[in-house]
Amino acid sequence: MNAESQLIMLWENGAISIRSILANRGRSFLTALGVIIGVASVITLTALGQGARISVEERLGTLGANLMIVYSGEPRGTSLVRPRTTNIRPTLTADDLAMIESFPEELVVMTAPESSLSGQLKFENRNVTATVIGTHPNYTEIRNFAPIYGSFFGESDLENRRNVVALGAETYRELFPDGRDPLGSTVRINGFPFRVVGIMEEKGSPSQDASAIIPFSTFRRSLSGEDRYAMINIQAGSPEVMYDLQEQIEQALLAARRLPSIELADFYIANQMDLIGTVTEVADTFTLLLGGIAAISLLVGGIGIMNIMLVSVTERTREIGIRMALGAKSSHLMAQFLTEAVILSAAGGGIGIAVGYGLAWGLQRFGGLLTSVTPDSVVIAFSFALVIGLFFGGYPAYRASRLNPIEALRYE
Amino acid sequence: MIVLTDIYKQYRMGPNTVTALGGVSLEVPTGAFAAIVGPSGSGKSTLMNIIGCLDTPDSGSYRLAGEEAAELSDNRRSEVRNRHIGFVFQAFNLLTRANALENVELPLIYRGVGARRRREVATQMLERVGLADRMHHLPSELSGGQRQRVAIARALVGNPSILLADEPTGALDTATGEEILSLFEKLNAEGMTVLLVTHEPELAARAETVVRLLDGGVSAIENTKERRS
Chain A
1 MNAESQLIML WENGAISIRS ILANRGRSFL TALGVIIGVA SVITLTALGQ GARISVEERL
61 GTLGANLMIV YSGEPRGTSL VRPRTTNIRP TLTADDLAMI ESFPEELVVM TAPESSLSGQ
121 LKFENRNVTA TVIGTHPNYT EIRNFAPIYG SFFGESDLEN RRNVVALGAE TYRELFPDGR
181 DPLGSTVRIN GFPFRVVGIM EEKGSPSQDA SAIIPFSTFR RSLSGEDRYA MINIQAGSPE
241 VMYDLQEQIE QALLAARRLP SIELADFYIA NQMDLIGTVT EVADTFTLLL GGIAAISLLV
301 GGIGIMNIML VSVTERTREI GIRMALGAKS SHLMAQFLTE AVILSAAGGG IGIAVGYGLA
361 WGLQRFGGLL TSVTPDSVVI AFSFALVIGL FFGGYPAYRA SRLNPIEALR YE
Chain B
1001 MIVLTDIYKQ YRMGPNTVTA LGGVSLEVPT GAFAAIVGPS GSGKSTLMNI IGCLDTPDSG
1061 SYRLAGEEAA ELSDNRRSEV RNRHIGFVFQ AFNLLTRANA LENVELPLIY RGVGARRRRE
1121 VATQMLERVG LADRMHHLPS ELSGGQRQRV AIARALVGNP SILLADEPTG ALDTATGEEI
1181 LSLFEKLNAE GMTVLLVTHE PELAARAETV VRLLDGGVSA IENTKERRS
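For the record, the sequence lines run as chains A and B.
Start counting the first sequence at 1; every next residue gets the next number (this note's numbering).
Start counting the second sequence at 1001; every next residue gets the next number (this note's numbering).
Next comes chain A alone, as it looks inside the complex:
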């Protein structure tokens, strides 16, 4: 066959397929439904996964710029945030802090040590358990965690060991359920009176929202009796110096402890970039997993196509016989049924893309979930649908092309 007649055949196959698909509208739709659901779920679920990644990245961004934290405790493989440091024995000393602060400004902009314990807060007849954090005034800036009402404590409060407290948003709500202005009120923390100076913004993190933050000097004298710090928050000069700085601090801390390697250390260092890296990795794995599950449903959709195409070939045995008698070759019939399967799956894929976009939009608009449809997922899902149409249409098409024309013509 020359190129022109092949083009004519291609066109005719398309026309034949579309006519046959339209002749059985209901059935065609049900057949394509598997592919529609498959493609739509690949797109929607990966959009959800990517949305989760974006929102996690955003949240990590609010941890504070160029944040690096030295923790007490044994080094751990990954650097996920520890929700609590209350039960860890503090090991970081004032010398450690001074050493870190001695780095030039390009490396270390500022520091804030931090220790915490679980405390009982009492106001009038209300009792609340909260994480009591002792730290320095720099904390708000390093952790990007500011008061929304009133103020944080200042340097003089720290120097004079004043009993002042900034309440986490959650702690405030529980202690003052009537929503009254708490500034100047006295709350008791483990029995000691503290004057409320501010309410912190809501961070969405339980350890920060259910907190009560007080000067470290006060924390040490009244609550913990411990000189050492559980953590040291550091604001690095820039993202570029982060890893180098981490290495230098690590070496200096090891040297101060006369320890040969980080495996034996009683501290470990995490930085924000590690954190973002780990979490995005988790989110990507999650996306892949969701996409994989959705791809399985696409595979099931393909089996649906094969099923219906087999029925269709049987039903149209007579038609196949007629076409053969009139001169159709095996390849013509193969192409005809393959075209039909591919058109079905392509139509299903197209509708699936629209549905997927719609679902992703709906989940964000009405479900409050951040979604982000990636072009990659659309392209992959659609091509996968086409491949599935070809693959699962292949067997029925082969069956059609192998029919014996004499028997096919006699078929009732």
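What the hints contain is simulated information worked out from the structure, not anything from laboratory work.
The model shown is predicted, which means the values in this text are computed figures rather than measured ones.
The beta carbon of each residue, even a glycine, is placed where N, CA and C say it ideally should be.
Some hints here could point you the wrong way.
Unchecked claim - A short, non-exhaustive set of chain B residues, derived as facing chain A with CB atoms under 7 Å:
1) N1075
2) S1078
3) R1081
4) N1082
5) F1087
6) R1097
7) P1107
8) G1112
9) G1114
What the hints assert, rightly or not - Among chain A residues calculated to face chain B with C-beta under 10 Å, some are:
10) S5
11) I16
12) R161
13) S330
Stated by the list, open to error - If you want the ones that stay clear, here's a sample from chain B, every Cβ over 12 Å from chain A, calculated:
14) T1005
15) T1019
16) E1027
17) D1055
18) S1059
19) E1067
20) E1079
21) A1098
22) Q1124
23) A1132
24) T1176
25) E1179
26) P1201
27) R1206
28) N1223
Given the coordinates of chain A, work out where chain B should sit on it, guided by the hints.
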């Protein structure tokens, strides 16, 4: 010109082997009007399938339009059917979802003829069988006689060497059957080779040559009238 020489064809039916054709030799000259008759089981269908290139003989030679057609590949047989054979079936065998014109165009699609040319030729053929006003009707909207005429137009559209009709009036009433037969006679008069397979002696009597089959062999060849020249 069709020349069959010593055609054998056997079928396996379970444990038995049935000889459908046991050495058939037959010649149908170009422009002839021949009828193949015989009781059921005589090998009519098998012979017709072999002549129509739907089947191949186990042995023997079948020359169609100067070409040996007994040992062709599936693909080549498809091409031969497309170019040289025009089938007319008892059950019409039209595509139910396609209208008359589209049915008639069908053989030309497999020959790779472009849409406009197809439409032209198919329209001419439908006019020739007297269905100029029914071109866009579906088979279900046509009478039996009209359907068979669509089928004849479809058989003719590829300009075949031979029109092969298998009980073409079997599903029609006498008057309509007569109409169809007259159409065959008219086409034969215009030069078309017509091969009619039937079990009705009255129909066979209208042909120039009657080939009688019995038990897979030719029992008699009768020339009922002089060939027109």
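Results for each hint:
1. N1075: Holds, about 5 Å.
2. S1078: With a closest approach of 4 Å, the S1078(B) hint holds.
3. R1081: Hint holds; R1081(B) Cβ to chain A Cβ min 5 Å, cut 7 Å.
4. N1082: holds (2 Å)
5. F1087: holds (5 Å)
6. R1097: Since the shortest Cβ distance to chain A is 6 Å, the answer is holds.
7. P1107: Where the cut-off is 7 Å and the nearest Cβ of chain A is about 5 Å from P1107(B), the hint holds.
8. G1112: With Cβ-Cβ at 2 Å, under 7 Å, it holds.
9. G1114: holds (6 Å)
10. S5: holds (2 Å)
11. I16: Cβ of I16(A) sits 9 Å from chain B, so the hint holds.
12. R161: violated (93 Å)
13. S330: holds (6 Å)
14. T1005: holds (22 Å)
15. T1019: holds (17 Å)
16. E1027: Label holds. Min Cβ-Cβ 24 Å, cutoff 12 Å.
17. D1055: violated (6 Å)
18. S1059: holds (19 Å)
19. E1067: The claim holds: E1067(B) sits with its nearest Cβ about 15 Å from chain A, beyond 12 Å.
20. E1079: violated (7 Å)
21. A1098: violated (8 Å)
22. Q1124: holds (18 Å)
23. A1132: Non-interface label on A1132(B) holds, nearest chain A Cβ at 22 Å vs cutoff 12 Å.
24. T1176: Fine: 22 Å to the nearest Cβ keeps T1176(B) off the interface.
25. E1179: Holds, because the least Cβ-Cβ distance between E1179(B) and chain A comes to about 23 Å, which exceeds 12 Å.
26. P1201: Answer for P1201(B): holds, closest chain A Cβ roughly 25 Å.
27. R1206: holds (25 Å)
28. N1223: For N1223(B), whose nearest Cβ neighbour in chain A is about 30 Å away, the distance exceeds 12 Å, so it holds.
Of the numbered hints given earlier, the model fails hints 12, 17, 20 and 21; all others are met.
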